Structures are given as structure tokens and as C-alpha cells.
Amino acid sequence: MNRDFLNARLLAGAIIVGGVCLMALISLVWTPYDPLKLDIANRFAPPGPRHWLGTDQLGRDVLSLLMRGAVGPVGVSISAVTIGLVVGATAGMLAASSGGVASYATLRTSDFLFAFPALLIAILLRETLGPGMLNAMVAIGIFYIPIFIRVSYGASLPVWRSGYVAAARVAGRGSLWIATVHVLPNIAGVLTVHTSVQLSLGVLAEASLSYIGLGVQPPQPSWGRMLLEAQTLLPISPLLAIAPGLAIMVTVMGFNLLGAGLRQALDPRGAFIPESEAVR
Amino acid sequence: MIRAFAAGVASLLATLLVASVVIFAAMQVLPGDPAQVMLGVNARPDTLAALREQLGLDQPLAVRYWTWVSGLLTGNPGVSHTYAVPVSDLIAARLGVSLPLAALALALAVAIGLPLGMWAAARRGRAVDRGVLIVAQLGIAVPNFWLAMLLVLLFAVTLRWLPPGGFPGWDAGAGPALLALVLPAVALALPQSAILAQVMRQSLVDVLAQDFVRTARAKGLTRGQALRRHALRNAFIPILSVLGLQFPFLLAGTIIIENVFFLPGIGRLVFQAVNQRDLIVVQSVVMLLVAIVAVVNLLVGLAYAAVDPRVRRAA
Chain A
784 MNRDFLNARL LAGAIIVGGV CLMALISLVW TPYDPLKLDI ANRFAPPGPR
834 HWLGTDQLGR DVLSLLMRGA VGPVGVSISA VTIGLVVGAT AGMLAASSGG
884 VASYATLRTS DFLFAFPALL IAILLRETLG PGMLNAMVAI GIFYIPIFIR
934 VSYGASLPVW RSGYVAAARV AGRGSLWIAT VHVLPNIAGV LTVHTSVQLS
984 LGVLAEASLS YIGLGVQPPQ PSWGRMLLEA QTLLPISPLL AIAPGLAIMV
1034 TVMGFNLLGA GLRQALDPRG AFIPESEAVR
Chain B
1332 MIRAFAAGVA SLLATLLVAS VVIFAAMQVL PGDPAQVMLG VNARPDTLAA
1382 LREQLGLDQP LAVRYWTWVS GLLTGNPGVS HTYAVPVSDL IAARLGVSLP
1432 LAALALALAV AIGLPLGMWA AARRGRAVDR GVLIVAQLGI AVPNFWLAML
1482 LVLLFAVTLR WLPPGGFPGW DAGAGPALLA LVLPAVALAL PQSAILAQVM
1532 RQSLVDVLAQ DFVRTARAKG LTRGQALRRH ALRNAFIPIL SVLGLQFPFL
1582 LAGTIIIENV FFLPGIGRLV FQAVNQRDLI VVQSVVMLLV AIVAVVNLLV
1632 GLAYAAVDPR VRRAA
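These protein sequence lines are chains A and B, in that order.
Heads up, the first sequence is in our numbering, so the first residue is 784 and it goes up one at a time.
Heads up, the second sequence is in our numbering, so the first residue is 1332 and it goes up one at a time.
Extracted from the complex, chain A is given alone in its bound form (with noise of 0.2 angstroms):
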């Protein structure tokens, strides 16, 4: 790896990335405190050594909420962004290789998924699905699909119309095999870019979901829902509307950083995202 691959946004971006998702799973083993158990005699104490940012209206510990409070906004942005990634990346790629009915019935079905926001699926599949985390990467991940569909279908066009996948076709490979061996090293360095961009979106969809009843349920804490909880007792106690707040705020930035560095990185000429698309 040379040093232009290690650019100081990539840096920065996988620090904050890691940081997060590593203090999501220390959570599930260790925090502080059980962010579940209540301690009312101790409700609203202020930040201090024993609590280092204090105790919420229910005495339960802030610090440790906050830690396992990641486990959903990150957890859920990569599933759904896995979900998106898989179906739209195979669906786009299978799409340029064949042209004619296949390929416009599925650009077609990709438009058609563009009309409906992530938080209008959520809607529709509540009551299906139950609300929760479920729920939302389901809702999350479908909305990624179409986006993926785009990005491979726009990739891979030229792949497939190159010797070697003539050759390939030649030796009779299907175009499943073509797919993941040519095509899919091809557009890997555009995807994984698309990838971490996305993820940023995920973790502010999941936080909206949470933060309106539609993910993470109640007792399990979650960014979102602590910002609910908090806005209520805005005048009492700003803090606990302050902490989650900046949580979602640093890992969107850490995704968006690790985007950009990426791109820095695999890019350099902007050929994958026109810079001026490249925003989200």
C-alpha cells in the first residue's frame, strides 16, 4: 500500500468508523453499567466520575446507553447497506450483460423503487414485519437496491462488451460465472466507494426510524430513541439530548470522511462518481 492510499480523510474516516463500531461491540459484552437497569433514587444526576456523563431520567447510566446505543444505527446501516448491495450489484451487472427485455424490466423496477423514500417503506412494512430493527433494515435495504442497480448497471457496461468476457462467453461460461469473475473485479473499487457513502446515509435513516417508533423498540437504547426520550426533558436536562445527538453526528462524518478518502484513493480522476454527484 503507498502512501497515496493512506490519505489523512481515509485515515481520519477509518479512525472514527472503527472506533464506532468497535465501541457497538464492546457493548454487547461490557459497558460501564447495564444500560437497561433503572435506578430512579439516581435519576438526573450530573456527569461525574462515577457517571461520566451523567444518568437519565430513569437513572439509568448515559455512557453505557450511548455505547450500546450504537449497535443499532451502524448495525442496521450495514445490513441494509449489504442487502442493497447484494441484490442491486447483481441485478445492475446481470442487467448490462444481457440487454433487451431483462435489462429495461430491471431498470424499470429500479425507477419504479426510486418513487418510494426508505421512510414510506418502513411505513408500508411495520405491521408486516413488526417494528424494529428488522423493519428497518428491510426498509433501508430496499431503498439502497435501486441506487446499487444504477451504480453496477452503469459500471459494468463496458466490462461486458470487453474481449476477455467474448472469450469467456466463447468458452462457454454462463453469465452468473462471467459475472463474478470478471465483471465483479471490475466494478469493485466504484461499489466499495458507493459502499461507505452509503453507509453514512444508513446510520442517519436508522436514527430517523428510531427517533419516530419505526426501529430499535423500547427497552433496547438506541441514538434515535434517546433523542425522542430527550426531547421532552430538553429544558431539564440538555445534555441528554446533546450526547446522542453528536454520537450520530460524528459516525455520519466518519462514513462520509471514509468515502471521500476512498475515493481520493481509488479514484484519483473522478471517473467513478462525477465530483459534483459525489455529495451523497
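No wet-lab data here; the hints were simulated from the structure.
Treat each hint with caution, since some may be false.
Which residues of chain B face chain A? A partial, calculated answer using Cβ under 7 angstroms [stated by the list, open to error]:
| no. | residue |
| --- | --- |
| 1 | 1357 |
| 2 | 1372 |
| 3 | 1476 |
Here the structure is a predicted model, which is why all the values come from computation and not from measurement.
Using N, Cα and C, we set each Cβ at its ideal position, and we do this for glycine too.
Assemble the complex: chain A is given as a structure, and chain B must be docked to it using the hints.
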């Protein structure tokens, strides 16, 4: 241009037709009988049956679908179970809050984002440029509902300049109603304006590096003249596509922000309706929102062709 328009409209109609089937189907698999929810668990079987008949729930699926869709087309999709008023009246009243809010937010986002982006591009590489880029990075990462809470904390709780939430209604006069929309609109607009500023800056920087701008400068135009007469028009093309891409986020944001500020708009309506199993309201509102997104996508595509002759010729 006319052919592109016809193709766009045909694709829009197909999208709406499929969307209506998908939305209707999604509503049918909801567990929980609306009649049961309305009457409670202790309802007598004959009362339940009577209510189902009154709501039309005893009809076959195809008939109910056709009743709903033909109702949508004639502007009367049905009667809300919980509010006991026509769905069209309900939606019209709620749009009176949501549309001004979305319009205000969009206008603010454009008014803040575009000039900032132009300013940064004109001073590329200097302190102003770096400052704008850093602020925009922060703005993009801020969840709008958290920004809303911080704004409430500052302007409503601490300074007491603006109301923290609720809506007095337009009957009380435009002044109080607009005041109630200020904080929600700002919370929606700031993250959007950060995106617009970034896109505007990058787009203008790209255009300014092109040959025709150099030619214009060589003809003797000042930097400002070249920017205004030649670069801006070209730089607006990506802005259009980003506005189109961001629109669903603005819409979703409006739904969430309405819940933060307890505004009686479309967003709160759909959430209350989901909780009360008011299916006809949920499916009609979701259909309306999907239709709005689809129409905006079509308009953006057409505007693209109108602004850029290269797209027009390709189509």
C-alpha cells in the same frame, strides 16, 4: 422534446399504476382487523360483521381495489374510519401545513446553499472556501430532527423568540402560523443547504476550468462577467439533478419534522392513521407522496432537457 415529454408521462403513469397495486397489497397483509381495532376486543360478532360491511371490508379484494383507485381518480378515495370525514378533505387540510413547510424549507435551502457555494467557488482554495466546505461537511452529517431540538432549545426554551411547537392554524392569521413554521423550516433547510452548497461549489469549479470560460476571459471579460454570463448556466445543471435526488429526503424530512414540532400535517396524519389502522388514509397518503416524488422526478428530467441542449438532442 415532445417525444421525451410523452415518454416521461407514459412512464409516470405506469409507475403510479404499479405503485397503487403494491401499496394496496401491502395494506391487505397488515394483521389486525380495522373493525376489531375500532370496536375493541370485547366487540360482539354481529356488531363486527355489521361494521365490516359498512366499511366495505366484506367485499372481494379486486372490488375494494377498484373502488379505491377509481375514487383516487375522481378525487374521493373514501371516508376515513377514525375521523369520519372524506379522505380528500382530510388530506387537503393537512396539505395546508405540509406544503407551505416544504416550500419554505426548499426556498431557504436554495437561498442559503447556492450563494454559499458560488462564494466558495469564486474564492477557491482560500479561507472562505475551506470554511464553507467544513461547515457543509458538518451540515450534511447533522440529523435534521436533532437540529430541530437544538433550535427549540435555543430559540424557544432559552430565548423565547419562537414557539416550541404546535400550529395555531391559518384562521388565526398568517403571522402566527408562519412563525410556527420558521423553526421546522430552518431545521429542514440547513442540512439541505449544506448539500446544495457543496454541489454548487464543485460544479462551478468544474465549469470554470473549462475552455469556453478561458475563451470568454481571453475575449476581455472580467472573472465576474465570465462567471455570470457563461459559467453559471452550465453549473446549474448538476444542481437540478441533486434537487431531484434530494426531494424524497426533503419529503421524508417533512414527515419527521412534523412529528418533532407536533404540526398537523401529512406526516402526523400518516402516523396516526397507521396506529389506528385507518387503512384508507394510510394508502391514500402514501400513494399521494409516491405520486409527488414521481412527478418531481419527471419534472427534473424535463427541466434538465430544457436547460441543457445536449440532453435534449440525445433524447
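Hints versus structure:
| no. | hint | in the structure |
| --- | --- | --- |
| 1 | 1357 | holds, 4 angstroms |
| 2 | 1372 | violated, 18 angstroms |
| 3 | 1476 | holds, 5 angstroms |
Going through the hint list in order, the structure does not satisfy hint 2, though it satisfies all others.
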